[in-house]
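Participant: Chain residues, written in single-letter form:
There are 2 protein chains.
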Amino acid sequence: MGFKQVLVVRTDLGMGKGKIASQVAHASIASYKEALKKNAEIVEKWEASGSEKVILKVKTKKELVDLVKLAKEKMIPCVLIVDAGKTQIKAGEPTCLGLGPWDEQEIDEITGELKLL
Amino acid sequence: MGFKQVLVVRTDLGMGKGKIASQVAHASIASYKEALKKNAEIVEKWEASGSEKVILKVKTKKELVDLVKLAKEKMIPCVLIVDAGKTQIKAGEPTCLGLGPWDEQEIDEITGELKLL
Chain U
371 MGFKQVLVVR
381 TDLGMGKGKI
391 ASQVAHASIA
401 SYKEALKKNA
411 EIVEKWEASG
421 SEKVILKVKT
431 KKELVDLVKL
441 AKEKMIPCVL
451 IVDAGKTQIK
461 AGEPTCLGLG
471 PWDEQEIDEI
481 TGELKLL
Chain B
371 MGFKQVLVVR
381 TDLGMGKGKI
391 ASQVAHASIA
401 SYKEALKKNA
411 EIVEKWEASG
421 SEKVILKVKT
431 KKELVDLVKL
441 AKEKMIPCVL
451 IVDAGKTQIK
461 AGEPTCLGLG
471 PWDEQEIDEI
481 TGELKLL
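From first to last, the protein sequence lines are chains U and B. Numbering-wise (our numbering), the first sequence opens with residue 371 and increments by one. Numbering-wise (our numbering), the second sequence opens with residue 371 and increments by one.
One chain only, chain U, in its complex shape:
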C-alpha cells in the first residue's frame, strides 16, 4: 500500500507560477494537518517513503468543488484553498485543493482521470 498527497490546481484563473506555487503550498500544509488529525500513522508512512506529492489540474471551479464532495464522501482528508484576494485573484475564489497524504488507490479513484499540471 502506497501513500501520496495530491494537489489539484485550477488553470482557468490564469495564475502565474509564483501564485500557483503559493496556493499549492497552502493546500499542502493545510491538508497535511487534516491528515495528521485523521490518521497520523498514514502521514508517518508517507513521510518515511519520501512524501510523494503530485500536482494535477482542472479547468473549472465546478470540477474542483465536485472533487471536494467526492473526497468527503470517501473520508479522504482534504482542504480547499480559497484566495483572500490580495493579489491576482478575486476574494473568495477557490484556487487549489489538497488531498491527503492518504492511501494512493483511494485518491486515484477520484483523481485518476486528471492530468498533471
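Think of the hints as simulated: they come from the structure by calculation, not from any bench. Accuracy of the hints is not assured; some may be wrong.
Computed list of lysine to any residue pairs in SDA-like fashion (alpha-carbon distance at most 20 Å, straight line) [as the list claims (entries may be wrong)]:
hint	chain 1	residue 1	chain 2	residue 2
1	B	K403	B	D473
2	B	K407	U	K427
3	U	K427	B	K387
Interface residues of chain B toward chain U, partial, derived using beta-carbon atoms under 10 Å [stated by the list, open to error]:
hint	residue
4	G384
5	G388
6	A391
7	S392
8	H396
9	Y402
None of these values were measured; they are calculated from a predicted model. Just so it is clear, CB atoms sit at the ideal spot from N, CA and C, and this is done for glycine as well.
With chain U held as given, fit chain B onto it using these hints.
Facilitator: Just chain B now, kept in the frame of chain U:
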C-alpha cells in the same frame, strides 16, 4: 511583529510550473516542521495571522546555498530541498529553499534583495 514563510526557487533549472509547485510544497512542509521544533509559538502566531507565504527566486545554485549559510548563522529554521532526480532534474540538485515561518524582519535581512517568482 509579523511572521512569514519564504520559499526560494531556482530559475536556472528550467523547471515547469508543476515541478516548481511540488518543490515549493516540499520546502513549505519541511520548513514548517523545522520551525515547529524550534519555536511552536511563532508557528501558531503565523497560522493565526493567515500563514503568509512568499515565493522568491534566485538564478543560481550558489545563491541558494549562500542563503542556507546565512539562514543558519541567524538561526532561522530552513530546509533545502534536493531533488531525487526521478523527473526533469538530475539527482542531488538543490531546487528550492524553505525559510520559516519566522520573524519577517529577520527573514527580510537575508532575502530582502530577492525578487518575486
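Participant: If a hint holds in the structure, say so; if it does not, say that too.
Facilitator: Here is how each hint holds up against the structure:
For the given pair, K403 (chain B) sits about 16 Å from D473 (chain B) by alpha-carbon distance, which is consistent with the 20 Å threshold. Between K407 (chain B) and K427 (chain U) the CA atoms are separated by roughly 33 Å; this puts the pair beyond 20 Å, and the hint is violated. Proposed proximity of K427 (chain U) and K387 (chain B) is supported: the alpha carbons are some 11 Å apart, at most 20 Å. Contact between G384 (chain B) and chain U, as hinted, is not supported at the beta carbon level, the nearest pair being about 12 Å apart and thus beyond 10 Å.
About 4 Å separates the beta-carbon of G388 (chain B) from the nearest beta-carbon of chain U, less than 10 Å, and the hint is met. Hint on A391 (chain B) holds. Least Cβ distance to chain U is approximately 4 Å, under the 10 Å limit. The beta carbon of S392 (chain B) comes within 5 Å of a beta carbon in chain U, closer than 10 Å, and the hint placing it at the interface holds. The interface hint given for H396 (chain B) is met, as the beta carbon of that residue sits about 7 Å from the closest beta carbon of chain U, less than 10 Å.
For Y402 (chain B), the interface hint holds, the least distance from its beta-carbon to any beta-carbon of chain U being 6 Å, beneath 10 Å.
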